[in-house]
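Please put together the full structure from these sequences, using the hints given.
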Amino acid sequence: MSEAAFLEMVKANQGILYKLVGLYAADQEEKKDLYQEILLQAWRAWPAFRGEAKFSTWLYRISLNTILTQKRKPQRVDYKESLEPFAPNVPHGSEQQMEVARLRQAIRSLAETDRAIISLHLDGYENGEIAAMIGITTNHVGVKLHRIKQQLADRLNQGA
Amino acid sequence: MSTESIWKQIPEPEDADLSKLLNQIKLNDLQSRHPLEQLRKNFLMNIIWGIVINSGYIVLLWAYPLWQLFITIGLVFIAGLVAIVQGIGLYRSLHRSVSSKAPLLQEMKEQYASISKVIKQQELYFLIIYPFAGAGGFMLGGMIGSGKSIEVFLSKPVIWISMLIIVPLIATGGHYLGKWLNKIAFGKHLSQLKENIDALEAEQQQINEAS
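Chains as they are written, first to last, in this note's numbering: chain A, 278 to 437; chain B, 15 to 225.
Please note that a few of the clues may not be correct.
To be verified - Below, computed lysine-lysine pairings styled on PhoX-like, alpha-carbon distance capped at 25 Å:
hint, chain 1, residue 1, chain 2, residue 2
1, A, Lys309, B, Lys131
2, A, Lys350, B, Lys162
3, A, Lys309, A, Lys348
4, A, Lys350, B, Lys55
5, A, Lys348, B, Lys208
6, B, Lys208, A, Lys288
7, B, Lys131, A, Lys348
8, A, Lys331, B, Lys55
The set of hints was computed from the structure by calculation and includes no laboratory data. All values derive from a computational prediction rather than experimental measurement.
Shown next, in the form of structure tokens:
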């Protein structure tokens, strides 16, 4: 497949990349660096893609593997800086915008591996699929999700 | 409102900067900044330098065929040769890219092990060669600097005592300098990887024990 065709497939799934780099990048510069690194790693791995999984799942996995093994700056929990690209269509100052912002801030404040697990869960992956992508048991995913949701609820209530 | 419902409210994210980047990007021209790539590049440079320096030792021993230098520099040369051979094997075993098939935990563990292995091998190599390289350098430098033969230069006790003080200082200093440089290059990254690995493994162990 040509580079142009590969980039077209990435474009069709770029929401995954925007969301993930937004959850891990400390600033705008790092966001671009992570994004480019994911594209490069995906491009290198592309010849081995046999279509056993959906392209979006494959891209999700390589994105997480790249982000969490990449050198990154210390995390800044600063939702204002990164809210705009995350939800540009949400009206400014609305209740919905505040909720999205609080959720985003709460997720960014979680441990790095917890952020990966909750984002996979919220994007609709089953516990078994999450377990296979993260490398832990399905039981463990269940336990982790229960605890992460409690943490998120606590943080969202604190900020309310 | 539940976390899931708030998440579902979020429209498909857009990012003008990243979208612009995607339209301009040439994938084959991109340079990776991934630690594995950095490690491979650094390691390749070390191997090349190792070959250059070892070739220099041969010239040195040919120019100054003295038994004292044959022992010290000769040992450094052999250690260097072993390190170069091991280094080439290790270099070839280092992955160039992130896996698209391995689970996250496995990928993090493999990267942690690769970086740690390279660092340990470098530290061990330098720990072995610094004392000999220091002693060889001291004798050669003293001989050339004083303009005397090595036997005459080493005949004074003060020279032996100075060498016994200076060489361990060079060896210890070099060893800790190397450790410090590795810590600057990979310390924080290794700690973060370890923290993430532990976060996944510790709880898994508890679950296994409970069930």
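Status of the hints after comparison with the structure:
1. Lys309(A) x Lys131(B): 30 Å, violated
2. Lys350(A) x Lys162(B): 55 Å, violated
3. Lys309(A) x Lys348(A): This hinted pair holds, its Cα atoms lying about 14 Å apart.
4. Lys350(A) x Lys55(B): The hint holds at about 22 Å.
5. Lys348(A) x Lys208(B): 13 Å, holds
6. Lys208(B) x Lys288(A): Not satisfied, since the Cα-Cα distance of roughly 33 Å exceeds 25 Å.
7. Lys131(B) x Lys348(A): 18 Å, holds
8. Lys331(A) x Lys55(B): 33 Å, violated
The structure does not agree with the numbered hints 1, 2, 6, 8 stated previously, though it agrees with the rest.
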